[in-house]
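Visitor: For the protein sequence lines, the chains are A and B, in the order given.
Mapping the first sequence onto the numbering used here, position 112 (from 1) lands on 112, and the numbers just tick up by one.
Mapping the second sequence onto the numbering used here, position 191 (from 1) lands on 191, and the numbers just tick up by one.
Rather than coming from a laboratory, the hints here were simulated on the basis of the structure.
Fair warning: this is a prediction, and the values are worked out from it, not measured in the lab.
Any given hint could turn out to be false.
Stated by the list, open to error - Calculated pairs, DSBU-like style, for lysine-lysine (alpha carbon to alpha carbon, straight line, at most 30 Å):
| # | chain 1 | residue 1 | chain 2 | residue 2 |
| --- | --- | --- | --- | --- |
| 1 | B | LYS89 | A | LYS35 |
| 2 | A | LYS154 | B | LYS280 |
| 3 | A | LYS35 | B | LYS280 |
| 4 | B | LYS65 | A | LYS110 |
| 5 | A | LYS35 | B | LYS75 |
| 6 | B | LYS163 | A | LYS35 |
| 7 | A | LYS35 | B | LYS47 |
| 8 | B | LYS47 | B | LYS90 |
To be verified - Derived CB-CB ranges, DEER-like:
| # | chain 1 | residue 1 | chain 2 | residue 2 | range |
| --- | --- | --- | --- | --- | --- |
| 9 | A | ASP114 | B | GLY113 | 43 to 49 Å |
| 10 | A | THR87 | B | ALA314 | 21 to 27 Å |
| 11 | A | TYR91 | B | ARG95 | 52 to 58 Å |
| 12 | A | MET138 | B | TYR77 | 24 to 30 Å |
Every residue gets a Cβ at the ideal spot worked out from N, C-alpha and C, and that includes glycine.
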Amino acid sequence: MNQNFFPEYKYISRAYIFIIFMMCLTGFGQMPIFKRYYIADIPGLGWLAQYYLTHYIHYIGAILLFVISGYCAAAYFFAGRHHFRLTRSAYIRVILLAAITVTGIFRVLKNLPDIVFSPNFTMFIDISHLIFMLIFLMAAAWFLFTKSGWLMEKARISEN
Amino acid sequence: MQKISRRSFLKAGLAAAGTVGISGLALPSSLRGADQTPLATLIDIRKCVGCEACVDACKEANADKFPQPQKPFPKMYPSRVKVSDWSDKKEVRNRLTPYTWVFIQSAEVVVDGEKQTLTFPRRCMHCQNPPCADLCPWGAARKLENGITLIHADICLGGQKCKAVCPWSIPEQQTGVGLYLDILPSLAGNGVMFKCDRCYNRLEKGSLPACIENCPENVQTIGPREEIVRQAHAIAKEIGGYIYGETENGGTNTLYVSPVPFETLNKAVEKGPGQPHFNKVGDSMAHADNLAKAMIIAPFAGLAAGAVRCYKAAKTIAASADKGAQEEK
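In isolation and in its complexed conformation, chain A is listed as follows (with noise of 0.2 Å):
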């Protein structure tokens, strides 16, 4: 978003990077492949072989995720609208992220001790969870290699 309508907009962009990379990283490391593969024997990755850390940094991701998501969604409709449309590649990003969002508040359900979902449940949920996010990956590489934004100014929209 323009800066000098939404000053903050630098900070939350490079906090929302920050932790999506957080929680690709400790969602990949919630399979056995860390260790495996001597990653976590990197000096300073050792933490990354421990499930229960990476899990809570995992929820911990997802909270500040929903807490941007929020104030986002909130600046946007309130202010941002007026003067900026969502891109094309902003409404493939948010498809993606509700679903990846969607399959991961159901894990978080399902690890809640009163909820048991049936095993085929169970299995879709963890499988589309990480498919999704393998999806989400790629578009957002290459949206960063098409230098595709969220925002566009409504200006230039009628400019061209």
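Keeping the supplied structure of chain A fixed, place chain B upon it in accordance with the hints.
Guide: Okay, now just chain B, sitting in the frame of chain A:
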């Protein structure tokens, strides 16, 4: 299956407690998990004589679930990934293995001033909120509504995460079996994890788990968890004993009642790989459960912060517009 008459079943005195002990009788639907009642088992340590009838019964009843690995095993990379092969050591009985889902642990302790050797079966604790099922990345480990924690052998890739997060390190790995052989056998996975499934298939048919049905000393009792906890407290009160599993790891569906403190038992038992401890265990998933509550508040907190931010910005813009208008006048 050994048939026991209704009379002997009642004689066991377990029906009165609303639970089922040694019996070949068909289980009521509540015990089959048909009405989604979590079932628990109570192991009365006083009664166990260490005869290993439970071990034999488990091995016989679950023989078709035991791994039948394909050899030679695929070469795995990197070299730190070790083969875990128990197929030539199927008769090992002093610890848990992929072929021994229950074993008899012993402890030399002093009971009422007398030195005694206590024996007791050890197997999966079937936690109420099992970290193995919660944290399994594939959904291979799962909790069932009737209180069983189960590892699906056709889905498990043998990554050992369930063992790493289990407070008692219960699941045991066998290389050369399972889904990983069909995916990337050299690069991902390493077999299947095995552990007690509390004879879920027998329970579905209305039979008791094999270890319970075949115990000659009625060491184990199975029933709705509330009843089992009540029964454990009644025994503990009667003998001045101690309970393990009621609160461990947030509560388990395997409870022990002992005449000596579990700290004493824990010091006396042989511990190591495949030989679980009797330590006090906090709720492994408690932090995650608390963070889950914070997740409910988080988006609303963000929305509120964003709304306040926009309101203040609008107010500032309006104020500066007013000021500008006044200056123009």
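Visitor: For each hint, tell me whether it holds in the structure or not.
Guide: Each hint, compared with the structure:
Proximity of LYS89 of chain B to LYS35 of chain A is assessed by CA-CA distance (about 28 Å); at most 30 Å being required, the pair is judged to hold. Our distance criterion of 30 Å between C-alpha atoms is broken by LYS154 of chain A and LYS280 of chain B, whose separation comes to about 62 Å. At most 30 Å may separate the alpha-carbon atoms for a hinted pair to count; LYS35 of chain A and LYS280 of chain B meet this at roughly 28 Å. For the given pair, LYS65 of chain B sits about 27 Å from LYS110 of chain A by alpha-carbon distance, which is consistent with the 30 Å threshold.
Under the criterion of a C-alpha separation no larger than 30 Å, the hint pairing LYS35 of chain A with LYS75 of chain B is consistent with the structure, at around 18 Å. Among the hinted pairs, LYS163 of chain B with LYS35 of chain A is consistent with the structure: their alpha-carbon atoms are about 15 Å apart, no more than 30 Å. Taking the CA atoms of LYS35 of chain A and LYS47 of chain B, the gap is near 44 Å; set against the 30 Å cutoff, the hint is violated. Using a Cα cut-off of 30 Å, the hinted pair LYS47 of chain B and LYS90 of chain B holds, with the two alpha carbons roughly 27 Å apart.
For the pair ASP114 of chain A and GLY113 of chain B, the beta carbons lie near 44 Å from each other, so the given range of 43 to 49 Å is met. Between THR87 of chain A and ALA314 of chain B the C-beta distance comes to about 25 Å, which sits within the given range of 21 to 27 Å. About 56 Å separates the C-beta atoms of TYR91 of chain A and ARG95 of chain B, a value consistent with the hinted range of 52 to 58 Å. Between MET138 of chain A and TYR77 of chain B the Cβ separation comes to about 26 Å, which falls inside the hinted range of 24 to 30 Å.
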